[in-house]
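*Asks:* Residue numbers (this note's numbering), protein chains in the order written: chain A, 110 to 450; chain B, 236 to 489; chain C, -17 to 322.
No lab work stands behind these hints, which were simulated from the structure alone. Hints are not guaranteed to be accurate.
[Stated by the list, open to error] Examples of chain A residues toward chain C, derived with CB under 8 Å:
| hint | residue |
| --- | --- |
| 1 | D170 |
| 2 | A264 |
| 3 | G273 |
| 4 | A274 |
| 5 | S365 |
| 6 | A367 |
| 7 | D413 |
| 8 | I416 |
| 9 | V420 |
[Claimed, not checked] Ranges between beta-carbon positions, derived for each pair:
| hint | chain 1 | residue 1 | chain 2 | residue 2 | range |
| --- | --- | --- | --- | --- | --- |
| 10 | C | V101 | B | S257 | 55 to 61 Å |
| 11 | C | A238 | A | L301 | 21 to 27 Å |
| 12 | A | F150 | C | K308 | 43 to 49 Å |
| 13 | A | H160 | C | A182 | 33 to 39 Å |
| 14 | A | N419 | C | A238 | 20 to 26 Å |
| 15 | C | A182 | A | I293 | 42 to 48 Å |
| 16 | A | L301 | C | K102 | 57 to 63 Å |
| 17 | B | L353 | A | L438 | 37 to 43 Å |
All residues carry an ideal CB built from backbone N, CA and C; glycine is no exception.
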Amino acid sequence: MSISTDLAATPEHNESRTLVRRILTNQQFVLFIVLVALVIFFGSRNALFFHVGEFSNLFTDFSGLVLISLAETYVITAGGIDLAVGSTAAVSGVVAAGWIQPLVSHHVNQGLVLLAGTLACALIGAVAGGFSALLITAFDLVPFVATLVTYSVGAGLALVISHGAPVGYNPGAIYWSASGFGMITWLVAIVLVVAVLLGLVLHLTAYGRYNFAIGSNEFAARAAGINVRRHLVSVYVLAGVLAGLTGMFFYIRSGSGAATTGVTNSANLVAIAAVVIGGASLIGGVGRWAGTMLGAAILTVVSDGLIFINVPPTWIQVVVGALIAVAALLQTFRRRSRRLT
Amino acid sequence: MTQAPERTPVLELRNINLHYGSIEALHDVSFTAYAGEVIGLVGDNGAGKSSLIKTISGVNVPDSGEIIVDGVPRHWRSPHDSMEAGIETLYQDSGLAPDLTIGANVFLGRETRRKGLLGRLGVIDQKSMEREALEQLVRVGITIPNTRRTVSELSGGQRQAVAIGRAIAWAKHVIILDEPTNHLGARQAAEVLKVIKSAREHGLCVLFISHTLPHVLEVTDRIIVLRLGQVARDAPTSEFTVESLLGTITGLNE
Amino acid sequence: MKSRPWRLMQGAALASTLMATSLIFVGGTASVAAASKTKYTIAFVVGAEADPFFQSMYVGAHAEAVKLHVNLIWQGDPVDYSPATQIPVVQQLLALKPNALIIAPTDTKALNPYIKSAVKSHIKVFNVDSGSSYQKNITSWVTGNNTQGGKAAADALASAMNYSSKCTSAQKCDVAIGVSSLTTSTDAARVAAFKAEVKAKYPNMTLLNDVVSQSQPSVAQSAFAQDISAHSLAGIFAVDGTDAEGATAAVKASGAAGAKIKIVGYDAYASNIASMVAGGLGSLSAIISQQPTLEGKLIIKYAVEALNHKKVPHLHTLPNITLTPKTPASILSKYQYVAS
Chain A
110 MSISTDLAAT PEHNESRTLV RRILTNQQFV LFIVLVALVI FFGSRNALFF
160 HVGEFSNLFT DFSGLVLISL AETYVITAGG IDLAVGSTAA VSGVVAAGWI
210 QPLVSHHVNQ GLVLLAGTLA CALIGAVAGG FSALLITAFD LVPFVATLVT
260 YSVGAGLALV ISHGAPVGYN PGAIYWSASG FGMITWLVAI VLVVAVLLGL
310 VLHLTAYGRY NFAIGSNEFA ARAAGINVRR HLVSVYVLAG VLAGLTGMFF
360 YIRSGSGAAT TGVTNSANLV AIAAVVIGGA SLIGGVGRWA GTMLGAAILT
410 VVSDGLIFIN VPPTWIQVVV GALIAVAALL QTFRRRSRRL T
Chain B
236 MTQAPERTPV LELRNINLHY GSIEALHDVS FTAYAGEVIG LVGDNGAGKS
286 SLIKTISGVN VPDSGEIIVD GVPRHWRSPH DSMEAGIETL YQDSGLAPDL
336 TIGANVFLGR ETRRKGLLGR LGVIDQKSME REALEQLVRV GITIPNTRRT
386 VSELSGGQRQ AVAIGRAIAW AKHVIILDEP TNHLGARQAA EVLKVIKSAR
436 EHGLCVLFIS HTLPHVLEVT DRIIVLRLGQ VARDAPTSEF TVESLLGTIT
486 GLNE
Chain C
-17 MKSRPWRLMQ GAALASTLMA TSLIFVGGTA SVAAASKTKY TIAFVVGAEA
33 DPFFQSMYVG AHAEAVKLHV NLIWQGDPVD YSPATQIPVV QQLLALKPNA
83 LIIAPTDTKA LNPYIKSAVK SHIKVFNVDS GSSYQKNITS WVTGNNTQGG
133 KAAADALASA MNYSSKCTSA QKCDVAIGVS SLTTSTDAAR VAAFKAEVKA
183 KYPNMTLLND VVSQSQPSVA QSAFAQDISA HSLAGIFAVD GTDAEGATAA
233 VKASGAAGAK IKIVGYDAYA SNIASMVAGG LGSLSAIISQ QPTLEGKLII
283 KYAVEALNHK KVPHLHTLPN ITLTPKTPAS ILSKYQYVAS
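Chain A with its partners taken away, still in its complex shape (with noise of 0.2 Å):
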């Protein structure tokens, strides 16, 4: 049977390049290095930059990141998107709060509060999420204008909830937030592990396959018979489930819920920015977890790093968005070169 000879002689691309090419051309490899890069460049400008402290402050405001990267991440390579994470997050923990606060008055132990809080939250972000999943399989809107309402509604309720200020005092969380060993602290211990795991599942399993195959052709996978609207359902429910553990860390950090976490200042595109970098296919089908967590650690080492070493906070915002722009052109360089037709 000759239908084989025609795949055999198909120019191999990837098997003649040497491996050393292919590992410079990673496009991992690539961000590990640029990450490296920026760490020695703000470090060489102010060498108070390696202390534990401050990398103590980068792993933390890395994890108020990557929990919402990863579920954008999730999301995306789906073939759909969610412009709610940011507002999921603010309401959860704004409604979180309140509900704790009497505990917290009580003087019940922190580690229950925190942890009744946590649960709190991901129950906020789960009907948040279960909300954006309803509107997009049931009303058949898309992601983009499903996830908006979703923001809208969210964004809302935090403030009518909060009027406006912060909910909730809980010194208690602060302090708890900035313990832990050297530079990892439990917070950013626990957030670690959970993005971990999700790029375990994203990977590794079935669950992970069907969200590429969906993004990479929906038909295909419903003509494999995945269920797709049932998985699609889940991913958002997921990506409101970490939205809200990340509207909970943030809680943690300031010791009270503010309306205004991740909704003025769009989290939410920071972190689809982390995506977006780590090399995913906003289209859908494409997308690594170390490409995302790479991406929302080189943003957060560079906003970070410009005030680190005194950068008029104008430029800042003009960075972060040339690097976004180089990313996405690197991306349409990388897959130009690699489609035969």
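Following the hints, position chains B and C against chain A.
*Replies:* Chains B and C only, in chain A's frame:
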């Protein structure tokens, strides 16, 4: 080829009706198919071929009528059900996910889990799937040096080969091929026809849809002509010529 | 009067205005001018409407509007303090042809063209809190004295930091400033006055680049954390409530490094006051409080007087109050910004 009328049909459709909104896509479609038979399904654009295929494979749910596999009436709600019943489909619009590897595509929806606890958690055995995919494709005559390449890196003809290979590798009773010779050159098309004949020899029932009438006349035992969503004619291939077939398709024969 | 959420209030106000306008249409005879003689309609546009500062302003403005029988339309993007969201609101309200427009411009220049067109349509325009760069079109401007506020903040911070003994020319003290936005007149004036006072009286203070938080406490917190790590920070001037929240959290989280950092805040948010009263690591040493309720009340009063052709002051600055841990609780609760 001969038919054995006493055998149970491996696939039977009775009075299938299907609407898309207000458009009637299929009206009162019925036919029987036996194992070891190659049935050609032809018709003009919009005649209902794709709709019929998608109804048999479970993508579309018919408004009324019955689908009977091996004598047992089935009511499937999704492609998953038809695949479980042993029906594999090669779709005209790509059934492959371009960003996934060849191996991943072959096992799409049927991933092998790892043994033990990890497997119960959903972890898939990527290595064994890649290896098996290679073997399965080789078994049906398609050799690929490396199943880890993504489908997007393949040309149209190669993708078609993978899709056909996947369908044949998994098929248990019926295999449906919707325009399988699209994107293929003459030599490769001839290979596909060979593959179809060998599938018949292995006892599969093949539903073969094609616009290329000479191909249909060459490999099929029986031809069903669809026109405007209805069965216009259902007869052994020997009763057709290219002209008469064309005439039945367009309705000029009536 | 903390009964209903502001949204219902605004909805009712808008509905009543629309109903009034449509009745006039149906009636056919009475002109808009005639209708307004019996009851003035005043449009009031702020930015970051949910900010307790503006909510306190609403309390004063609303009470005065009720007292003077004025139709008050209160609007503003709840979260975003920027011209991008404020301009569309202004445009919509101007289309309703109110008698007067009171605006707290989110940018000194960006709103000027709309103010100009309002004045052309015989709508009197007023400023509250922040001011427009082109004051000729503004009938009256009521604001807190930001210059005095910035100066007072510098003095309060120096005192809290123990400047005279701790900051020498050999060992200067690093101070960080945090604002929500650099383009609002209020923030800009406070920062400028702060910097001028530091330059004049406290030369051993080194000022770092401004931290811009864009109304997000978490952004302020991250930025201040960076400043704390990068420098031996001794003091923080948090120019508004958001930055005060971020500063206190950052200092608390930094543990030992934050032990000697003193913070002076602006705006008497409940959280700021609670922080100051609680004391300890990361608490506010002093709060420069404005009087937004009084600002709201006065600007409505001036607007009505101006509409009645009476003379009003072109600029009225209200003094700020410096609140410290030593201030009695009764005074603290008097100046605390309330939620409406």
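*Asks:* Need the list of violated hint numbers for this structure, in ascending order.
*Replies:* none
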